[in-house]
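Chains A and B are the protein sequences, given in the same order.
If you read the first sequence in our numbering, its first letter stands for residue 1, the second for the next number, and so on.
If you read the second sequence in our numbering, its first letter stands for residue 1, the second for the next number, and so on.
Derived by calculation from the structure, the hints in this document are not laboratory data.
Bear in mind the structure is a predicted one, so any value in this text is a computation, not a measurement.
Note that CB positions come from ideal geometry on N, CA and C, so glycine has one too.
Where hints are given, some of them may not hold.
With a straight-line cut-off of 27 Å between C-alpha atoms, the simulated DSSO-like cross-links for lysine-lysine are [what the hints assert, rightly or not]:
| no. | chain 1 | residue 1 | chain 2 | residue 2 |
| --- | --- | --- | --- | --- |
| 1 | A | Lys428 | A | Lys409 |
| 2 | A | Lys283 | A | Lys295 |
| 3 | A | Lys220 | B | Lys283 |
| 4 | A | Lys80 | B | Lys283 |
Here chain A is said to cover these stretches of chain B; the calculated rule only asks that three of the stretch's residues, wherever they fall, bring their Cβ under 8 Å from a Cβ of chain A [what the hints assert, rightly or not]:
| no. | segment |
| --- | --- |
| 5 | 156–167 |
| 6 | 255–261 |
| 7 | 275–286 |
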Amino acid sequence: MTDKTDEVAVSATTEGRARDPLWDDDKPVRRPVGASLKEMARYWWRQLTSMRTALILLFLLAIASVPGSLLPQRNLSPSKVREFFADRPGLAPWLSRLGLFDVFASPWYAAIYLLLFISLIGCLIPRINVYLRAVRAMPPKAPRRLSRFSDYAHGRTDDSAGEVLDRAEKLLRSKRWRVVRRDDGTGETLSAEKGYLQEAGNLVFHLSLLALLIALAIGKLNGYEASRIAIEGEEFCNTQMSYDTFGGGALVDGTDLAPVCITLNSFDTVYDTDLTPAQFISKVDYATTLDGPTKSAVIETNDPLRVDGVRAYVTGHGYAPVFTITMPDGTTRTEQAPFLPTDQRNFGSEGALKLDTGDNENSLALQGFLAPTSQDSGDGVIISTDPRLLNPAVALFIYQGYTGLDTGKPQSVYTLDKESIDSGLLKKVAAVNLKVGESTTLPDGTKITFDEVREWAAFQISHDPGQVWVLVSSVVLLGALMMTLMMRRRRLWVRVSDDKSGRLVEVGGLAHSGQQAFTDEFSQLELRILGRARPEDEESQ
Amino acid sequence: MSVNESLAAVSDHLFSGAVVGYSIGLFALCGDYAFGKGERRAAAKAQARERTRELASVGAGGDAVPPAAVVDHRDKASEDAPAKPSVWGPRLGLIGIVFTVLGLGLQIAALTTRGIATGRLPWGNMFEFASAICICAVATYLVMAIPRPSRRFLGVFVLPAVIFILVLIGMRFYARAAPVVAALRSYWLAIHVSAATIASGILLVSAICSWLYLVKAKHEAHERETGDYVPSRIAGNLPSAATLDRLAARTMTFAFPIWTFAIITGAIWAEAAWGRYWGWDPKETWAFISWVVYAVYLHARATAGWKGKRAAYINLLGAATMAFNFIVVNTVIAGLHSYSGL
Chain A
1 MTDKTDEVAV SATTEGRARD PLWDDDKPVR RPVGASLKEM ARYWWRQLTS MRTALILLFL
61 LAIASVPGSL LPQRNLSPSK VREFFADRPG LAPWLSRLGL FDVFASPWYA AIYLLLFISL
121 IGCLIPRINV YLRAVRAMPP KAPRRLSRFS DYAHGRTDDS AGEVLDRAEK LLRSKRWRVV
181 RRDDGTGETL SAEKGYLQEA GNLVFHLSLL ALLIALAIGK LNGYEASRIA IEGEEFCNTQ
241 MSYDTFGGGA LVDGTDLAPV CITLNSFDTV YDTDLTPAQF ISKVDYATTL DGPTKSAVIE
301 TNDPLRVDGV RAYVTGHGYA PVFTITMPDG TTRTEQAPFL PTDQRNFGSE GALKLDTGDN
361 ENSLALQGFL APTSQDSGDG VIISTDPRLL NPAVALFIYQ GYTGLDTGKP QSVYTLDKES
421 IDSGLLKKVA AVNLKVGEST TLPDGTKITF DEVREWAAFQ ISHDPGQVWV LVSSVVLLGA
481 LMMTLMMRRR RLWVRVSDDK SGRLVEVGGL AHSGQQAFTD EFSQLELRIL GRARPEDEES
541 Q
Chain B
1 MSVNESLAAV SDHLFSGAVV GYSIGLFALC GDYAFGKGER RAAAKAQARE RTRELASVGA
61 GGDAVPPAAV VDHRDKASED APAKPSVWGP RLGLIGIVFT VLGLGLQIAA LTTRGIATGR
121 LPWGNMFEFA SAICICAVAT YLVMAIPRPS RRFLGVFVLP AVIFILVLIG MRFYARAAPV
181 VAALRSYWLA IHVSAATIAS GILLVSAICS WLYLVKAKHE AHERETGDYV PSRIAGNLPS
241 AATLDRLAAR TMTFAFPIWT FAIITGAIWA EAAWGRYWGW DPKETWAFIS WVVYAVYLHA
301 RATAGWKGKR AAYINLLGAA TMAFNFIVVN TVIAGLHSYS GL
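Just chain B, with the same shape it has in the complex (with noise of 0.2 Å):
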């Protein structure tokens, strides 16, 4: 089968072409993003003022003159000039979702005619596999925001690592269209590459929801230590902390068992291909740790003590070994300098 040469080239400009619609589409959210802020600071200070007055209110009891008084005073102040809804805002965040949108669809359109030319599915190697990663994390983005508006500030997070990942693998990791190792030549690409493709996107929006959980975190407690406003640049405008928690632990809830199901998978199909079903290759190998610690995620989660930051510590984990798993397995480890290859 030969390679289809022009439409190899197309593909390739394709995918420079959702490179830029991602760039375009991060510019516009993080002016989403920046132009909210007046109306999201105003609300967190609100809320820091309500939170006062409780405490007063609480610790006042039976007080002739409530420290409440105090606090009334300077609210008058800030109170005069409220914050305008933003009109920019919005705008820049539906452009930026249908840049997104745009950039997708041109990825997907890069990798579909890039299957074309090669005439097999399109995630045999690494560049490959890597785009169908990054087409899953904004897939997973997308629906996550499109309904949700408030969650499109995920976005100038999300896109940043997906584009990092795309230019990364242009420059280092890139691979002329070209046919398979026989091998390769079967129905299982589709079923177990599938899988881990998408449960390995899902998992990195996951891993974003945990970190920013994380800033958010030690926002909030600040915030308490000082049971008063706390102006901060990032981490002020982001959602609830619990909001954040709750966001990775759903997309983890979906990606898991996908995760399950392409071990099982890849085990099926080594069965048929390699003569055994388990035989510690590193790549099985990292897939089994990346699996056992996203378990310990999930009992963490169940556990006293551990939930909250230790367990978004472990998300964190469970994704540097999916990076390792994909960056040194498939290179260092299966080049020269290791001797655990085959």
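Here chain A stands alone, though its shape is the one from the complex (with noise of 0.2 Å):
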């Protein structure tokens, strides 16, 4: 529809009444020269509340949107962001100045959706007290001109203005219109309205809408994301100093995090035949409390762990060497430690150990690489053809000496410390491919033997107190949203009134939205009203 026609509507139906609100549109508003500040404040709270403010918050959201899912962003990949930096050095520093790699974290995008907020709850407020009352109110009097209307029918009629009206009224009754009859000094009247449940699933989805962002907030505040590898046999516990990394919210300080105890059994991949992987499968042992039963689960791609609050889920997988070493005194030690794969096809995978034997100069320390199912390229170098552990075998270089696991300082787990092998602190004293089974002795009487490959799984723990309340919202809100956009808000008036040829019927109507439905609704019902149509012709039309 044209907006001439909406002003001719409005004007008609406004006719020496107070505005509607939720008739009318949102019409712009002139600023207010020379006013007190009560005045001014209003004017910018109005301003605030207009639907063109909204419209405009909208679009700065989404485009605010933009550079977050353009640039790298901390929360979804630091090494990214990183990486960023070293390429471009100038640039990066400013953008992360500006917040841009970390958006919707940001000040200013929090602004953003917090304006948009306070401008749906300054429109809410009003509009739902408006909707409370036009709810239990009658439909409004009839406009004195209903020719003015687009959906306009009149026609003569013989029977009384009484008849008239009471077919009409039956007629729209039994449709499920709201009827009320006057009179008026023109003629008796009778005004009708439907559809008043659009406004109200207008405003549940905006309400359903603010109840998600409540519960979005909520739960980042008391949610808590981990992470930690664990390979099979091992088992942990839900407390901050189990995991590798740990985020909290705010309200979070890791303390009263729900005890729960995971081992992890075993980890499978199940392959396809051209070796996609189809199935991740966790068996894990988990407990509640220290010595309370002990209970199993099998968690796979889709498919986490849940239990007390806490969301267990199986983010990556790899592969664990285990090592038995032989110490010169005849002592010996296992030891297993996680390779991180670096082929996420046939999964060859490096990583280090670092074992303190007592003395403090004489440390050891392994980096290799493994290959799952290893063959050897040439010169003695091991590569991997196959994800599956078929024939493994370990490319280790053995370090001896000062490993600098005394210092405190962090160290990567999968690496070791190059300055002290640069400053010859430790120093490589072996090179050597073992198969499983086999081992090497070093000069000092040291034996190694590689034993076994154990699987190993990434798990993340979470927790999300609000997370429920948003799908709840967000349900509500997909239905209120539906019906909003399908229910129609339309009225109707009949007028009978005598004139100098006799007695006339005129029909008027106007809808809110979905003219042209109503206008094809208008022309069944006027016909009938009018008396034109019987109601044994309704079916052939």
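Once you've looked at the hints, go ahead and assemble the two chains, each given alone in its own frame, into the complex.
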């Protein structure tokens, strides 16, 4: 519908009455000049809660999300952020200052959606009040000139006004319109309205949007996400200390995490014939109290373990070689370390193992490459040709010396300290390829045996107390959205008046939205109200 | 699960057949569009005459010699040769619809055989996903055009877009029939990706309607200015701008809740598969951006000063974000030169 028709309609319905905010569009307000502080405040508040502002803020929200998807984000991939810094050392610090590497947590992004929700709340509350009154109110009085509506029909009748309007009322009530009869100066009138649920859907939609945001915020503040690697046979518990990474909301202090202990019994990958991984199966045991019963569960790709609000996912996997080290004095130790895959197809993995022998100056460190299915590519360099554990071999560089484990300085678990190697504190004493069961003896008598390969799984433990409410809000939101888009508010008036040529019956109607559908509906209704069509004829239409 | 290679080859042939079917259909619909223009031009001229007459009678008031007389003179000449209702127009229109339906059938068959060949639902990669979107777009067009033959003209604009997408994905984004990675082996594929596909297809048609609205609105404004019939090859033959605006809005009322559902089910799936229901992954972010832009469209249609052309532009912007989501986010951002991937 064009604006012009709406203006006609609006003026037709609002003759001599106050503005109906559920029916009329948002009209721009003139800025008051030389007004008091209170009036200026009121003006700015009305600006903030107007539809135009909501439009602009929504636009801004969309535009502001764009850099968050094009630039690397710290919460998604800190390594890519570091890469960006390395590639563009001039530009990166400025982008970082503007918060562009953490867009969705930045203050300016928050400002946009907070403004949006203030605007929304400021618009919702009066509208809810208006609606609660309108829901109970009777349809408005019939305008004087029904002919000004685009949906208009008229006819002559010999029936009395009462009969015509009774027929109309019966028809409309059977179609669940709200009907009221009035007698004004020009004749007897009937006012009808239908489609109140459209505004209800609109209000519920926006309220559930608010509820969703609040639930999201509560979840983020009180939730946490942690990760660690566990090798088959290892057990870990839900305490901040046992995790490799731990990130929690502002209200999480790491002390009251739900008690859960998980043991990884086995990890298996099921492959397709072309070696695409089809399924990842992690068999775990878990317990929620110290001496409580242990239950078993299987964690699969789309199926995490859910216990006590804690969700356990397996987000990665790899291989961990197990070595037995026999010291010169006869003591044996069995050590294992997860190796990280460098090739996601064939799972050639790299890693390190550091051993504190008690003698700081003479500790043992291994760095190596593990191939689950090894093949000699020549010159003793092994490569992996299959992700399955068919013929594992490990290529080891063995170092002895000072590992730096006692300094307290954090080191990577998966590599040896380069400084120590470069400065000669850690000396390479052997380089050897070992198959399972093979061993090598160092000059000083230490024997290193490659026992077996176990698999490890990367666990992610998450907790979000708000997420079920986010889900409920979004379901309600969807239902309300469909309601507000499908329903249509519309009004219909009938006037029976006597003029010089007889009795005139006029029917006029107005739709808030869905003009074409209403025009179709109107053409049906007016035929029956004006008595031109009998009910039996309806079937043929 | 091994792939049935012969069935996959059949699927590819059916795909090519669908493109041919659509092309023939498009050709026929263009014929309908062209042959009918004599009638439409006459109707438009008659309308323009009506308008001038109205204006003249309003303006004349109590003039002794109404300027309408001058207008009548000119009309007499053109009224002498009324346009005959075109014979070939509707026939070609029917042929066009038949071939479009045929093309749609072939496309559905192509996707189905691919699904049988791989033993999974056939929307697991870009190629299949885009094919499914095209199916939904053509289906939307047919649902609109078959009951009301006056809407067949939409095919002249929807089919080229569909053919372009199919040729593009066939040449650039083609993926051999193969199983999907473990993460996609879930019943959520049926729910979430289906919803996204259907919504995208309908939104494509809505965007085309909005674009046609802009073309027609400009033409109508031109006609209002000059007060007379303005000849035009394309715009003149389109139905009224109000009709086009309404079509765009009605398709949007269908598609927007479906898109919302797609985002919600995507979040539910992400919670089960990725460990969190929303992580601002680029795909999630752009789905959100599209949703917000379409929300702006719906708000604009209820705001004075923003209905009509501005709303139409917003619809086109929304379609652009969907296209960006599909093309750039799937290829560039996941690739080497983007840093925002995982």
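Structure-based check of each hint:
Taking the CA atoms of A:Lys428 and A:Lys409, the gap is near 22 Å; set against the 27 Å cutoff, the hint holds. Between the alpha carbons of A:Lys283 and A:Lys295 the distance comes to roughly 11 Å, so the proposed pair stays at or under 27 Å and holds. For the given pair, A:Lys220 sits about 21 Å from B:Lys283 by alpha-carbon distance, which is consistent with the 27 Å threshold. Between A:Lys80 and B:Lys283, the direct Cα distance comes to roughly 17 Å. Compliance with the 27 Å bound is thereby established for this hinted pair.
Under the rule that three or more residues need a Cβ within less than 8 Å of chain A, the assignment of the segment 156–167 of chain B is violated, with 0 such residues. Remark: the segment 255–261 of chain B is confirmed as covered by chain A, as 4 of its residues place a Cβ nearer than 8 Å to a Cβ of that chain, reaching the required three. Given a C-beta distance limit of less than 8 Å, the hint that chain A covers the segment 275–286 of chain B holds, as 10 residues qualify and 3 suffice.
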